[in-house]
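Chain A is fixed; fit chain B onto it per the hints.
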Amino acid sequence: MTEKFQFDSKLKKNLFIAMGLGLVGLVLAFVLYPHNSHSRFWTNILVNSYYFTGIGIFGLFFVAAHQLGYGGWIVLVRRVIMSMSGFVFVGAPLLLLIALLTWGNVHNIYDHWLHVIKHPESLPESMTTKAVFFNLTFWTARIAVYAILWMLFARIITKYFGNITDKRSYKISKLIAAMWIVVFAVSESFVSWDMIMSIDPHWYSTLFGWYNFASYGCGALSFAILLTIYLKSKGYLAQVNENHIHDLGVFLFGFSIFWTYLWFSQYMLQWYANIPEDTMYWVKRAGTGFHTSMFVSLAINFVLPLLVIIKRGAKRNFKTISFVSVMIIIGHHIDFCNMVMYEPNVISTGHGEHGHHALNSNEATALYAENTEAVKEPAAATEHAATDAVTAKPEVKAAESAHVEAHGHEHGSTAKSYAGFGLVEILIFIGFTGVFLYMFFNELSKHPLVNEQDPYFKESQRHHI
Amino acid sequence: MSNKFLIGMWDHEEVFLHAAKHLTHDGVEIHETLTPFPVHGLEHALGYRETRLHTAGFLYGITGTTMALLLMGWIMSVNYPIVFGGKPFFALPSFIPITFELTVLFSAVGMVLTYCTRNKLFPGYVPRIYDPRTTDDRFAFVFDIEGKSEADVAKLRTICESNGAVEIKTKEFKEGDGL
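Sequence order for the protein chains is A and B. Under this note's numbering, the residues of the first sequence are numbered 1 to 465, in order. Under this note's numbering, the residues of the second sequence are numbered 1 to 179, in order.
So that you can see chain A by itself, here it is in the shape it has in the complex:
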């Protein structure tokens, strides 16, 4: 029995409708937000292709890790998880396209460091050590290498891991898995620095690669759960039962907590150390709408799984786990928007020399002060509060906010942010989900769903926890 998935026209039609909505979203973003070289349009493409490519390569990582760690239970759902890499053949070229378009100044996502490398005399000391990395040729070449490696391994793994029949092919699969884990670990960290962290080249976080990895993990496991449940509801994968979903749910729970740990570690260390370069990242996001989305994403990605799927029964209940999965997919999209959207979507008119250069510390603080009446968030205020709050009096708080406001007016609030989370973001996200699912089902329909010759097939069949 080699059951195959039939990609029927009804499903295709639904996915085309989703893609159509995405196209509408892209057109709307292009027309409605022409500011700053259509940066809202480009940042949306970056966020979505980055997120879904990450989900795809995480699927490959997940099966490879299980192959190396003798994780036999995964055999029944392995094809589902592997097939998510179908999107890599769309997403990786899109990321490469974004990198190539940087050459023609089509978009302004990486203008902050492009400006710096074009004017070496303005290179701040904190960036001299990073100069090697901010080299347009090297940078583009790196992204091309990741894209090629990902597509290559997606081909190899989806082809090979479903055809393990004997000892020899099993050993080769372990070799492939080991190679892919090394490639994945390095390329995943680097791509997060190159494509996301470099948007603000002054800011850095040493756990950023891990942080993005955890986000991919949550997204990929959520999709794996949802798609497995969907396929079961269509009558496929009859042997998959709540034990397999339970295990995926345990991973989803674990990765959500892991993500929170990294999010908090990043936030708290930068809040505590109070180095202007670091706190900038948080100041910029505060008071521009992303302050709210930061807490919304924390609520969805941490509090929801913590309270809802901690219980054994919840992980085995298809409805509960599906609901949490959908929410987590949305939550991590919001989190990625939060990472990417701010910087390229800000127009600063104060410095006529560069029409749309990125904000410096004072401008961001001014923007923040303009957008918030009183300073409520300590993280934002500390930059100035550090010098002020030497007296332990209740008036300190008032003094802080007065100080920040004074700063704001002193430097003139010339920055305007077009960053936001609105209809276009939602439409484009739906569109990319449509493309992702189309590529997934397309990949899935090419191979038998379950390889019954796999040495671990019986273990997966009898999986019971």
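Careful: at least some of the hints might be erroneous.
[Said to hold, decoys possible] Keeping only pairs whose Cα atoms sit at most 20 Å apart, straight-line, the calculated SDA-like set for lysine to any residue is: (1) A/Lys311 - B/Phe58; (2) A/Lys311 - B/His54; (3) A/Lys311 - B/His44; (4) A/Lys13 - B/Ala56; (5) B/Lys21 - A/His464; (6) A/Lys458 - A/Ala238; (7) A/Lys311 - B/Lys171; (8) A/Lys311 - B/Ala56; (9) A/Lys10 - B/Tyr115; (10) A/Lys311 - B/Thr51; (11) A/Lys311 - B/Thr55; (12) A/Lys311 - B/Glu43; (13) A/Lys458 - B/Glu43; (14) B/Lys21 - B/Arg52; (15) A/Lys311 - B/Arg52; (16) B/Lys21 - A/Ile465; (17) A/Lys311 - B/Tyr48; (18) A/Lys311 - B/Tyr115; (19) A/Lys311 - B/Arg49; (20) A/Lys311 - B/Asp152.
[Said to hold, decoys possible] Now the in silico label distances, taken between C-beta atoms and shown as ranges: (21) A/Arg316 - B/Glu172: 50 to 58 Å; (22) B/Val15 - A/Tyr170: 54 to 62 Å; (23) B/Thr66 - A/Tyr261: 17 to 25 Å; (24) B/Lys21 - A/Phe16: 49 to 57 Å; (25) B/Val15 - A/Thr206: 40 to 48 Å; (26) A/Tyr204 - B/Thr65: 42 to 50 Å; (27) B/Leu59 - A/Thr2: 24 to 32 Å; (28) B/Ile82 - A/Ile257: 42 to 50 Å.
FYI, nobody ran anything at the bench for these hints, they're computed from the structure. Because the structure is a prediction, the values reported are computed rather than measured. The beta-carbon is built from N, C-alpha and C at its ideal position, and this holds for glycine as well.
Frame of chain A, contents of chain B only:
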């Protein structure tokens, strides 16, 4: 408290598990089940309810969270406020690691103590040893036969025998033997 027991012993895990299913199905009341190691699926076969230990753990954890936040919040912002690095007195992010630690500590210690108390593993408790071999190579069901008629006991014996018990014996404890 009853002092008279019938002990049926098995020497194989699978047979024992089967016997558990049959006995539960027939509605035989089992006083105690003893195995040398955890038998997979035994709790389902015996129809045990899901443990409520994790609910207790959650409550202990919440207590830990509250305690940590109240204690630190009170000390740092009411009792002895000191400015550290220009941070507010109630600097929530810096409290989170300790809050996390106390949550884990409270839930872990609380669950261990609850578990031990519930299973009568506290100091000074003298357990009743039905048969020492249940810690080695024997699986046993213990039936309470205090006040039961000869016929009922004989019936229990036949049920055990027909389900593959290798040894059946009765044991009587003196009043005050164990707790």
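Here is what the structure says about each hint:
| no. | hint | verdict |
| --- | --- | --- |
| 1 | A/Lys311 - B/Phe58 | holds, 10 Å |
| 2 | A/Lys311 - B/His54 | holds, 9 Å |
| 3 | A/Lys311 - B/His44 | holds, 18 Å |
| 4 | A/Lys13 - B/Ala56 | violated, 50 Å |
| 5 | B/Lys21 - A/His464 | holds, 18 Å |
| 6 | A/Lys458 - A/Ala238 | holds, 14 Å |
| 7 | A/Lys311 - B/Lys171 | violated, 41 Å |
| 8 | A/Lys311 - B/Ala56 | holds, 13 Å |
| 9 | A/Lys10 - B/Tyr115 | violated, 54 Å |
| 10 | A/Lys311 - B/Thr51 | holds, 12 Å |
| 11 | A/Lys311 - B/Thr55 | holds, 9 Å |
| 12 | A/Lys311 - B/Glu43 | holds, 18 Å |
| 13 | A/Lys458 - B/Glu43 | violated, 24 Å |
| 14 | B/Lys21 - B/Arg52 | violated, 23 Å |
| 15 | A/Lys311 - B/Arg52 | holds, 11 Å |
| 16 | B/Lys21 - A/Ile465 | holds, 19 Å |
| 17 | A/Lys311 - B/Tyr48 | holds, 18 Å |
| 18 | A/Lys311 - B/Tyr115 | holds, 19 Å |
| 19 | A/Lys311 - B/Arg49 | holds, 15 Å |
| 20 | A/Lys311 - B/Asp152 | violated, 42 Å |
| 21 | A/Arg316 - B/Glu172: 50 to 58 Å | violated, 45 Å |
| 22 | B/Val15 - A/Tyr170: 54 to 62 Å | violated, 35 Å |
| 23 | B/Thr66 - A/Tyr261: 17 to 25 Å | holds, 21 Å |
| 24 | B/Lys21 - A/Phe16: 49 to 57 Å | holds, 52 Å |
| 25 | B/Val15 - A/Thr206: 40 to 48 Å | violated, 57 Å |
| 26 | A/Tyr204 - B/Thr65: 42 to 50 Å | violated, 32 Å |
| 27 | B/Leu59 - A/Thr2: 24 to 32 Å | violated, 51 Å |
| 28 | B/Ile82 - A/Ile257: 42 to 50 Å | violated, 32 Å |
Checked against the numbered hints listed earlier, the structure breaks hints 4, 7, 9, 13, 14, 20, 21, 22, 25, 26, 27 and 28; every other hint is satisfied.
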